[in-house]
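J.: Model the full structure from these sequences, guided by the hints.
2 protein chains.
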Amino acid sequence: MTESVIEDRQPTAAILVIGDEILSGRTQEGNAHFLAGVLTEIGVALRQIRCIPDDKDTIIAAVRELSAQMDYVFTSGGIGPTHDDITADAVAAAFGARIGVRDDAKRILLDYYGPENLNEARLRMARIPDGAELIRNPVSHAPGFILRNVHVMAGVPKIFQAMVEGLRGALAGGKPTLSHSFQAYIVEGAVAAPLREIDARHPDVSFGVYPYYRLEGGPGCTIVARSTHPADLAAAAQDVKALLDDLDVRVVIETKPR
Amino acid sequence: MTESVIEDRQPTAAILVIGDEILSGRTQEGNAHFLAGVLTEIGVALRQIRCIPDDKDTIIAAVRELSAQMDYVFTSGGIGPTHDDITADAVAAAFGARIGVRDDAKRILLDYYGPENLNEARLRMARIPDGAELIRNPVSHAPGFILRNVHVMAGVPKIFQAMVEGLRGALAGGKPTLSHSFQAYIVEGAVAAPLREIDARHPDVSFGVYPYYRLEGGPGCTIVARSTHPADLAAAAQDVKALLDDLDVRVVIETKPR
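Protein sequence lines correspond, in order, to chains A and B. The working numbering puts the first residue of the first sequence at 1, with every later residue one more than the last. The working numbering puts the first residue of the second sequence at 1, with every later residue one more than the last.
A couple of the hints might just be wrong.
Just so you know, same-sequence chains aren't split out, so a pair can sit in one copy or run between any two.
Calculated cross-link-like contacts (lysine-lysine; reagent style DSBU-like; alpha-carbon spacing at most 35 Å) [as the list claims (entries may be wrong)]: (1) K256 x K175; (2) K158 x K256; (3) K256 x K241; (4) K56 x K256; (5) K241 x K106; (6) K106 x K56; (7) K106 x K158; (8) K256 x K106; (9) K241 x K175.
Since the hints were derived computationally from the structure, they do not count as laboratory data.
T.: Shown next, in the form of structure tokens:
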């Protein structure tokens, strides 16, 4: 019994987004949203997304805290060639690891830029902590790295996404979280009470209700049931469907688990 | 001298986004990005954005931690009528405040829904901690609230934005952060070294470099200088402009501080 409970457990994760441009409102963050979808697919429970500035002490403290709390940490941003790219040094410092230009990373950059274009600034991108494993960058070649449970990746969305796709197969996940949702033109306040009862009847299913407005159709909400147990999820979805039928509400979009 | 330094200091802030739907990748968060822009405009330094699940203990711990660290905390999400809306109770619990249906909030909901439609679920939205000040909701009327330095707001973007606009005048800011940016078709690695020197010459200005790719035009980057000191910023921008001229790089878009 205990063993199957342990197998059921999803590994936990946090995403640490590093960059002043997010906090100033200049850039809308999208990497966390992309990775959140991938983690859900492979059965990793994302427990926190945190955006922090390009400040070494702040990065060190956050890496230590989240690395101790979670099975996986993923960082985005701050590994380019400019002076504000301090993530690699901060992650090394968080674990007391030595960092310097590493031959394997330098070779990748030499192959890509050629010796004549590999200036001092670009060579900064070959600074990798001792003991870290490289993460391949098929877009612009400067690698990310994995140190302990921390996965250090680029902030440029195209590069971040390519790095995640490369990592995907190597990340151990638990049972994936499945979801079943109903979008309907009923206001949140009208389904709240019966939904609370349905929630109480299905301890292994969690429910979320997300209101929306449409110019045509008016206010409505999407009811989402989530679970790692397909049979429990199906039973819960049936109860929600019966509730909406009882209330004589037409379901506009039903999205079943894939 | 000391006084002007204190006046110069920007108040600090954190945004706490509450909702399983963000962490599952279902919903792309946009409220933090909106509020980040407003805070920059009014001279409040946003130091962290944190997204967490609909879990009471997690919310309580995050509210306590961020409220102690920052001048302002802003929360988004979890104040609707359904069973997963637990933010108000969690924020009250974080400060040991009593919470219940409050007459002032109930009156607002009665006026809006009418007594016949104010069911038990909707009445949950009148649960406001003792001592909290209400935040007006011109969209769907259920109010947010301010308890100590924590501003509790709705997650629905239209409502969140309306609440922020209503609060804006009441938030004390410091000197606003101004920015001056140059978008040019030059790769990051080519400006990194000279920019490090410019950065060293302007201690009150921070610089960020953000690479991009365009199908036409190829790779380029945007160099952003930020400061609360207009004269220092202008001097720094002049140095960046001179650097780009020296490198014979045409500036595609220059955005001067407003």
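J.: Would you list, in rising numerical order, the hints stated earlier that this structure does not obey?
T.: 8
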